[in-house]
Amino acid sequence: MSETKFLETADAIGARLCRDALWSGRRCNWLGDAMEYVDLRWQVAHRAFGPDLYSGTSGIALFLAHLFASTREIIFKKTAEGAADCALSQMERFKTNGDFGFYSGLTGIAYALVEIGELLGREEFVQKGLEILETIPRQGITSQSWDVVSGSAGVIPVMLKLHRRYNKDFFLDIVFQHGEMLLASANRGNEGWSWKTLQMGAEKDLTGFSHGTAGIAWAFLELHVKFKEQRFLHAAQEALRYERRWYDPQQENWPDFRSLGETGGTTGFGAAWCHGAPGIGLSRVRAYQILQDATCRAEAEAAIRTTTRTLQTSVQSGQGNYSLCHGNSGNAELLLYAGEVLADKDGMKTVLNVAEDGLQKYQVGRNPWPCGVLNGGETPNLMLGLAGIGYFYLRLHDRKNVPSILLVAPD
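Take 9 as the starting number for the sequence shown in our numbering and just add one per residue.
These aren't lab readings, by the way, just hints derived from the structure by calculation. Treat the hints loosely; a few may be bogus.
[Stated by the list, open to error] No farther apart than 25 Å at their CA atoms in a straight line, the calculated lysine-lysine pairs in the DSS-like style are these:
{"#": "1", "residue 1": "353", "residue 2": "408"}
{"#": "2", "residue 1": "408", "residue 2": "357"}
{"#": "3", "residue 1": "236", "residue 2": "13"}
{"#": "4", "residue 1": "357", "residue 2": "13"}
[Claimed, not checked] Taking CB as the label site, the calculated pair distances span:
{"#": "5", "residue 1": "372", "residue 2": "409", "range": "23 to 29 Å"}
{"#": "6", "residue 1": "188", "residue 2": "97", "range": "32 to 38 Å"}
{"#": "7", "residue 1": "33", "residue 2": "145", "range": "30 to 36 Å"}
{"#": "8", "residue 1": "99", "residue 2": "129", "range": "21 to 27 Å"}
{"#": "9", "residue 1": "204", "residue 2": "375", "range": "37 to 43 Å"}
Note that CB positions come from ideal geometry on N, CA and C, so glycine has one too.
Model the full structure from these sequences, guided by the hints.
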């Protein structure tokens, strides 16, 4: 399959997003399915979106800005600007509730604004993003704000990435303070270090990338690379040790302790960026890249095998979804990254097969793309929906200029 078709697929998804945008003056938003906690249970709701990177307008704008950089289609630029303006108009909610996270809050919105401003030649977006980042709290963080999605572990690598680009002292001050808070908040046991990252629903501290120790270990490794402090390396090693305690060699995977909950039950094993081998594999590939550690490489290779089986099963069964968070697009990111770092050529064959399957079924076949909202339909956003699927195809077209949004490592 020609790589031009990857760009054509991303282009078609971008055109649909532009068509479906709802405008009010210079701002635009979208309607789509989301999970909401209503009447004491989670259920699908059809609604407009907030400004966050995970499911809001800043994430959609980021995809459209990258698409404009690849195609120079002016409608992508205009809609990206409208979505970014919409995100800026809703910032007060995050300043009020103190959500500073990368995927869930201020850091992610600000990062998107910086990237969008650079891609579109809009310096005011860049400056606004930098201004927001300078306000990220440095101390007094409430408990359980530690993970990659909504806490310190997601802030640290992003700040280090942008420090290389803009060389502003506040970036290093923020990451150092968040590193200190992560150290202070660790649950230090005989089996390693872990963190309480969820308010409810798990008897044990979680493994995994988005909410668990894999993502926090990664943040400590990036701190160690920057500051060369042994205590950050030690913290990373202790987090990895906790996760190794729970590795299941038969499953070639790590358990998702959310399945135990407060009412008991059996331990399950996820296979997604958010929980399970694909996301943990990303942390291990990066750990091997930094440490050249044989154990990290072996764990990465185990995660790659599990992820490959998961993707192959999804294609063969015709089930599953294509979202970044917990679908084929996100799982494929591990194989893309391993191909670059570990020279794993077989993984790329699997990725291309997944991409071709999705293209034929949903782009050529004109069927709705399966998104990441359980029991929901298509949704426009980045981590659960069409913008993320488009981002996946755009990365396949040009990985050099379209960086991963699932492992935002320093350049």
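Evaluated hints:
{"no.": "1", "hint": "353 / 408", "result": "17 Å, holds"}
{"no.": "2", "hint": "408 / 357", "result": "19 Å, holds"}
{"no.": "3", "hint": "236 / 13", "result": "44 Å, violated"}
{"no.": "4", "hint": "357 / 13", "result": "16 Å, holds"}
{"no.": "5", "hint": "372 / 409: 23 to 29 Å", "result": "26 Å, holds"}
{"no.": "6", "hint": "188 / 97: 32 to 38 Å", "result": "34 Å, holds"}
{"no.": "7", "hint": "33 / 145: 30 to 36 Å", "result": "32 Å, holds"}
{"no.": "8", "hint": "99 / 129: 21 to 27 Å", "result": "22 Å, holds"}
{"no.": "9", "hint": "204 / 375: 37 to 43 Å", "result": "42 Å, holds"}
When each numbered hint is compared with the structure, a violation occurs for hint 3 only.
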